[in-house]
Structures are given as structure tokens and as C-alpha cells.
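Each chain, letter by letter, is given below.
Protein chains: 2
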Amino acid sequence: MWAVWPMWPLANWGLPMAKPSMQHAYAVIMAGGGGTRLWPLSRQSRPKQMLTLIEERSLFQIAVQRLQALLPPERILVVTSQQQADELKTHAPELPAENYILEPQPRGTAAAIGLAAAALGQRDPQAVMIVLTADHYIGNESGFHRYLEAAVELAQAGPLVTLGIEPTFAATQYGYIQMGASLGEFSGYVAHQVKRFKEKPNVEEAEAMLASGDHVWNSGMFIWTIERILQEFAEQMPDLHTTLQKVSAAWGTPQFDEVIAHEWPRIAAQTIDYGVMEHATNVAVIPAKELAWNDVGSWTSLFDVLPADANGNLALHPYHHDLDSHNSLIHGASNTPERLIVTVGVKDLVVVDTGDVLLICSRERAQDVRQVIEALKEKGLQRYL
Amino acid sequence: MWAVWPMWPLANWGLPMAKPSMQHAYAVIMAGGGGTRLWPLSRQSRPKQMLTLIEERSLFQIAVQRLQALLPPERILVVTSQQQADELKTHAPELPAENYILEPQPRGTAAAIGLAAAALGQRDPQAVMIVLTADHYIGNESGFHRYLEAAVELAQAGPLVTLGIEPTFAATQYGYIQMGASLGEFSGYVAHQVKRFKEKPNVEEAEAMLASGDHVWNSGMFIWTIERILQEFAEQMPDLHTTLQKVSAAWGTPQFDEVIAHEWPRIAAQTIDYGVMEHATNVAVIPAKELAWNDVGSWTSLFDVLPADANGNLALHPYHHDLDSHNSLIHGASNTPERLIVTVGVKDLVVVDTGDVLLICSRERAQDVRQVIEALKEKGLQRYL
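Residue numbers (the numbering used here), protein chains in the order written: chain A, 1 to 385; chain B, 1 to 385.
Where hints are given, some of them may not hold.
As the list claims (entries may be wrong) - A short, non-exhaustive set of chain B residues, derived as facing chain A with CB atoms under 8 Å:
id: 1; residue: Leu51
id: 2; residue: His321
id: 3; residue: Leu349
id: 4; residue: Leu358
id: 5; residue: Leu359
id: 6; residue: Glu364
id: 7; residue: Asp368
id: 8; residue: Tyr384
No lab work stands behind these hints: they were computed from the structure. For each residue, glycine too, the CB sits at the ideal point set by N, CA and C.
Let the hints inform the model, and build the full structure from the sequences given.
So this is what it looks like as C-alpha cells:
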């Protein structure tokens, strides 16, 4: 499971062949989410990054471990909540405990990134911060490393950098970035100015953007210097910046818990996209291709990530018997492995059994699980969420 | 549940307004089956007649109770196995214990009917025997009673009588009976000679028989005198007849258990259709219509028996939440009522959850559950059967 373990002692003295530009690079994994799109497997108390969907490691473990050929554990940070931290620490015990940055409560990605920036600013004023998600899949890890190296090199020249994903279909579930003029090559990859951020489109808009050739998906991965992002907060989100300064001043003092507990609930929740990126100037994007990137944003996304059988089925349950079913996902409850699931002649179905909940959903409606969750909330059935 | 209870004292002195022809009528309910077509709800240890599928009463209870406006409990017999008898007695405690006729092991419907005929022959040599199934649904109970009265009247004139069901569609899951010349009216219903019994047809044959107008479905309900059926056994199934004579001779003696335990395994299993009906002469059929008869022979048959909701769904589970599903059956496990079943955008699906087994089957493949059972046997998974 811990195949890279023997490399760690090396990592403590800097990774072999690490580029000079990476000496101040830090990853910040955003692991505070409580996403509901993989319900009923993902729950409020067991968010997506804790799930072992794709292999025996959780998505969070995978997110941490795929960085370890690039960065030593000391330079991998996690922003999460007190509630989730204990569990996440058991998933990645190789990270120093102080690298788990805890929010009293979630206040949007801007505040989470701000808190991590404040923490990093204390450690290394020259830090370059790589903001990553805890619950996305990236099939091509070495390609991912090379793009991050290019992005770090570019970020050290000043811009806010984001990795864009070259679209492979007219997705409506992602935001898009329109690329402008080329900024030249960085570590072999061409970077572009960002012309515009676009919200999730409808089908027609998505098709137009795919056809245009100058749009990429917004991956939620950002790379910038601490200096630059703190400056953006100061200009664009001055209230958040003031809060971060108060929290920063208390860091490491006995008053810290009291200060953050007082300040955090007062923050207006905001995303980094809307709070900073969309209105910033000097923003760059590196379009990445062939990363096999997937946000695992719904049950159907597993069909893009896992190998199906000859009938196109993903049978993820030890006791599954099928007769003539096609293109269906069967995910049984790990706590009831002896339960027999039988499918006969079904097509394009998602079946997820968690013991207390059984979801049976047509593949094309997998995004609508969110509507179910809203309806269950209204019915007072929170115990299933 | 026992709405007819107050009538029983009357029944003991003969039912009010019972026709003279019914004075020697006895019902024999065949309740030995271990049908698998409603698997996974029906099991080897919990066959279809014990299920409470249609209302809060089991199919067996319904079969017994629908006779009680026609016959006193003393004249309702049940043929079953030792294994099933204890459970069935709890479903119909109003029947005298001695009316449960027990087979050591099932040897086909001919032997089961023969054993009941032997028992009845001891009680009432003038008995008219009404052979019924324990696991069929009959919506029109008063119509059913009138047809049985007509059939008893006809049987007392000599023929082997069967109730045929006028077909309402080109069914392939039933055997058919071709009707010949009219035998005149009995209690207001026209009877016909039977020209031919036909096995379950393919689609083309079924359509031709439906179009012909002279075919009815074989319901498995038979009416005949004890004298006549024993004579048929003597002529057509002499080995079985000899066995029945030995068993009859031992009836009520201390040797009975030993005799039947010795004789029964030696019987060649055979159906009454093949063993007697298909080769008998003087066979009559009364075509019955508007009985709302259904053999509940597969999960899809429940759509004919139970009222669906506005979207055509049969939601038979207390915690079921649906979003835009159609024409689907959801049957949850009664032992896990708190389990939440959610369906989203599914169509023409049968979902049956029993706790240890979850079946998800397209409606058009419901008959193929039998193939699953064979496959599970081959895999050594008998514990799920």
C-alpha cells in the first residue's frame, strides 16, 4: 500500500532531481467538502474524499500519495474541519499533524485557501502554494507532476495560475475558462492569459465552447505565491484579509483557538473563483491534456475511471450475479458483503446499496441525486443524509 | 381479518341457501408447491402460498377464506407436506387439523390429488372434490362461487370437469384447453366437451389460440366425483392406484405413517394433467370469464392484481422515495422497514429486496428469474434459494 515509503528519507533532504523552482512549493489539499453527489455512499459524516471508490485507498489517500514523488510530506498541507480531521489523519499518517489546518466551520473555498495561505505565510514567505482537491481522480500522475512544475515556475513570475483541463466532450457539469494570448512555454508547456471564467454552461453553450478550441475546464487547481494571493485578498476581499491577519497574529499563541472561533463564523462564505479569480488581472492558465482527470462528480463518472466488464458493467460487490445486464453500476455495501445482488436484463442503471439506503437510478439521471437529497431534507429524513 | 367468523355456527348445520348439489362438495387446496418464480421473496422454506403479497393475508389464507361462503371449514381440505403443514395451520386455524393431508414428499399433482381422493373416499363415498390451488388470485369471489356450483352440478353427472379461464391476451405462460361441443347449461353456465389440452405455447401459437375463440387457459382447477377420479387412476395410473389403495387401507391405523413413508418415495412423479386429464374421455370444461383470475406466476403479474400509482408504479415498501420513475415494482424487505429505497428515473423495473438478496430485474425478463435460480444452484449458493 505504501509503495513510496523507501523514498521518504531522501525526501527529507529534498527530492532527487527536484527542480530549483520546487524548493518553495507547497501543496494545500482542500479536504473540507461534504459533497452529496455520490450519495448514499457519501454522507455528511463520510464525505467523498474518505470513500474507497476506485481502489483500496480513499480518494484523499490517493490525493496525498500522488504528491509524494513531487513534494516531501512536510510540504503537503490539508485544510479541513475539526470534524473530519481525525479520520483524515488516519488516512495519511505520514503528514505532520501540524500540516492539518483546521477550520472551525466551512466558509467557502476563499476562506479555506486564505487560512492555508496564512499558515504558509508564517512558515515560508517565499512559498508557492499549489491548491488541490482531495476528491478528484488523476490517472496520469507523472503528467500531473510535470504540469505542476510548469505551473510553479510560472507562478513564481507573478500570475495567479490555474490548471485547465482540455475538454474531451461538451460537459455541462464543469465551469470553463476561456484562454487568451499565449504567455510562452514553462517547463515545456504553453501557458495562456485567462480571458474569462464561465459558469457551468447549458448543452448548447458547452458544445460551442468545445468547438471553439480556446476553452478548458476549470479544474479547481490553482498555483500562486503566498505574496500574490495575500495581495489579492487584501484588494478583493478586504474583510477576509483583515480576519486572516488577526488569525495569523494569534497563530501559535494560547489565544489562537479563541480568536479563530470568534472570527470564522463572521466570514461571508465565498468561493475563490468568484471572490478572487473572476475579477483578478494577470491570471494565467496552463491547458493540461491526457491527465485522465475526473472530478468523480457523480456515479456515472466511475464509468470513466474504472474498467467495465465485457457488457459494460461495473460490478463492485463480491456477491453479484448477473443475467444479460448492460452498462450498469452495482455498488454493494461493504458491511454486508454476503448480501446477494442479482441483476436481470437491466440497462444503464446505477445501483448503490449502503445497507440503510438502496439507490436505483438511471445513468442519465445520476446528477439528480441532489434533488433527492433536498427532498429527503424536506421530509425530515436527515438520518439518511 | 376473520370477517366471516360469525357465520360458522350456521355453517356447521349447512350453509344457508346452499344448493342441494353442494351437500357433498369438498374443496381440496393443493398447497405443496415450492415455486421459485417469485424469488427471492418465495423460497424453498417459504413458498408462494405463504407470502402476503396482495394484502395482509397470505395467498393461502385468501384461498381458504374465499371458500367459506361456499363450504364449511370441515369440507375444506389441504394437501401439503409435513414441512409446510405447521406454518399453514397457523394461517388457517379454522380448518380441522385432520383436514391437512400430508405427503411425505412431493410426487407431482397426480399423487397429491390421489392422496386427497383416498382421504375423502374414507369420509364420504359420494364426495365431489373441487381441486384448487393455494397460490392463485381470484378477484371476483362471488363469480368464482357460482362457477364452482355449476362445476359441481356438472361433475355429479359424470365428467371430469375443469374450469377454463377465457383468455384476455396471448399468454405464453399458461397451458390451453380447446373446447368442443356444448354440453348445455349448468347453473346458468354453458359447459363444453374438452377437445384437447395444449402445453404452454409460443407467441404465434398463443395468438392463434386467442383469435380462435374456442381456447381457454388451463387454470389447474378441477372438479370431479371421488368415484370418477379413483376410476381414472385405476385405468390410467394403475401403479399410483395400487399405492393409494395400500395407503387407504392403513388410514387411521398405527401403521399409517410407516406405510406412506414406505410407499410414497416409490411413486413416479407425475402431473394430473399428463397422468389423467390429457388421455381421459368425457372431460368437460366450463369457460369462466371476469373472474379476475391470476396465477401470480411472476413479479410482473402483480401489476395485474394490485392498483398502481399515477406513474404506474407499485411501491410496496414503507420507506420508498421516488423521482420520475415509471411502471416499476418496488418490494422492500418486511424485516428492514427502515431501509430507505430511492428510485430515480427508472422504467419497467422489478426491485425486490429481502435483506439477504436484492433482485433488480427488467419487467420483460421477470420470467427469467428461474434461470438465475438454476445458476445459483450450480454455483453452490443454495442458501439464497
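Each hint tested on the structure:
1. Leu51: violated, 18 Å
2. His321: This interface hint holds because 6 Å falls under the 8 Å limit.
3. Leu349: holds, 7 Å
4. Leu358: holds, 5 Å
5. Leu359: holds, 5 Å
6. Glu364: holds, 7 Å
7. Asp368: holds, 6 Å
8. Tyr384: holds, 5 Å
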